[in-house]
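Asks: What follows is each chain in one-letter form.
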Amino acid sequence: KQEVTQIPAALSVPEGENLVLNCSFTDSAIYNLQWFRQDPGKGLTSLLLIQSSQREQTSGRLNASLDKSSGRSTLYIAASQPGDSATYLCAVSAQTGANNLFFGTGTRLTVIP
Amino acid sequence: NAGVTQTPKFQVLKTGQSMTLQCAQDMNHEYMSWYRQDPGMGLRLIHYSVGAGITDQGEVPNGYNVSRSTTEDFPLRLLSAAPSQTSVYFCASRRRQGSSGNTIYFGEGSWLTVV
Numbered sequence: 001k002q003e004v005t006q007i008p009a010a011l012s013v014p015e016g017e018n019l020v021l022n023c024s025f026t027d028s029a030i031y032n033l034q035w036f037r038q039d040p041g042k043g044l045t046s047l048l049l050i051q052s053s054q055r056e057q058t059s060g061r062l063n064a065s066l067d068k069s070s071g072r073s074t075l076y077i078a079a080s081q082p083g084d085s086a087t088y089l090c091a092v093s094a095q096t097g098a099n100n101l102f103f104g105t106g107t108r109l110t111v112i113p
Numbered sequence: 001n002a003g004v005t006q007t008p009k010f011q012v013l014k015t016g017q018s019m020t021l022q023c024a025q026d027m028n029h030e031y032m033s034w035y036r037q038d039p040g041m042g043l044r045l046i047h048y049s050v051g052a053g054i055t056d057q058g059e060v061p062n063g064y065n066v067s068r069s070t071t072e073d074f075p076l077r078l079l080s081a082a083p084s085q086t087s088v089y090f091c092a093s094r095r096r097q098g099s100s101g102n103t104i105y106f107g108e109g110s111w112l113t114v115v
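Residue numbers (my numbering), protein chains in the order written: chain R, 1 to 113; chain Y, 1 to 115.
With the rest of the complex left out, here is chain R (with noise of 0.2 Å):
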């Protein structure tokens, strides 16, 4: 089964900072990769979606990167603002049944003014 694992848990940055979020995961097999958003008490917003042949996307100060065959994926965020305060998760869909999006468990980001 995959894992989908987010290191570290909690982050805390002064308002500026450029930062990396991490989120590994155990099979390479993948069809894609997405990043989220999630605010307290809200659904979850797609940020990023990498597809398996892609190494990395960009939106905006947000730079998701793909390393498949080592399982990592890295969430850049530069210039952090107090509004990028939120959870983000990063989830994997399998090569073959594609239906089940895999999620980590988060980092929860605080971006201090």
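Calculated from the structure, these hints are not laboratory results. One or more of the hints may lead you astray.
What the hints assert, rightly or not - With beta-carbon atoms standing in for the labels, derived distance ranges: (1) M19(Y) <-> G41(R): 16 to 26 Å; (2) A82(Y) <-> A10(R): 46 to 56 Å; (3) S59(R) <-> G51(Y): 37 to 47 Å; (4) T5(R) <-> R96(Y): 41 to 51 Å; (5) A79(R) <-> F10(Y): 32 to 42 Å; (6) M41(Y) <-> S59(R): 21 to 31 Å; (7) K14(Y) <-> G83(R): 34 to 44 Å; (8) G83(R) <-> L79(Y): 20 to 30 Å; (9) K42(R) <-> Q22(Y): 16 to 26 Å.
Glycine included, C-beta positions come from ideal geometry on N, C-alpha and C.
Based on these hints, arrange chain Y on the given structure of chain R.
Replies: Just chain Y now, kept in the frame of chain R:
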């Protein structure tokens, strides 16, 4: 465009009661699914559907039923609620796998407490 709409937002049930969590999407997505989110655990798939009339079990299906009579709706039924089903439930939808734009859209969640 409302996206994925879940009702109710909050619900308290007594052990043994039954209830239905409603989910509707207006994006004409083929795939719909239900996840539960528990503290210290990632979201886990309960049931999913690849189109009207087709449903299948996910990772944690026991105690739950689903049906998909229309493209828009995918209700989740708790047959006899148990305290272990206390959780936050999320409905999600997306286009069929392989099409451009596989982004998955989530509802805002339903907080269920079973006492």
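Asks: Which numbered hints does this structure break?
Replies: As far as the earlier hints go, 2, 3, 4 and 8 are violated by this structure, in ascending order.
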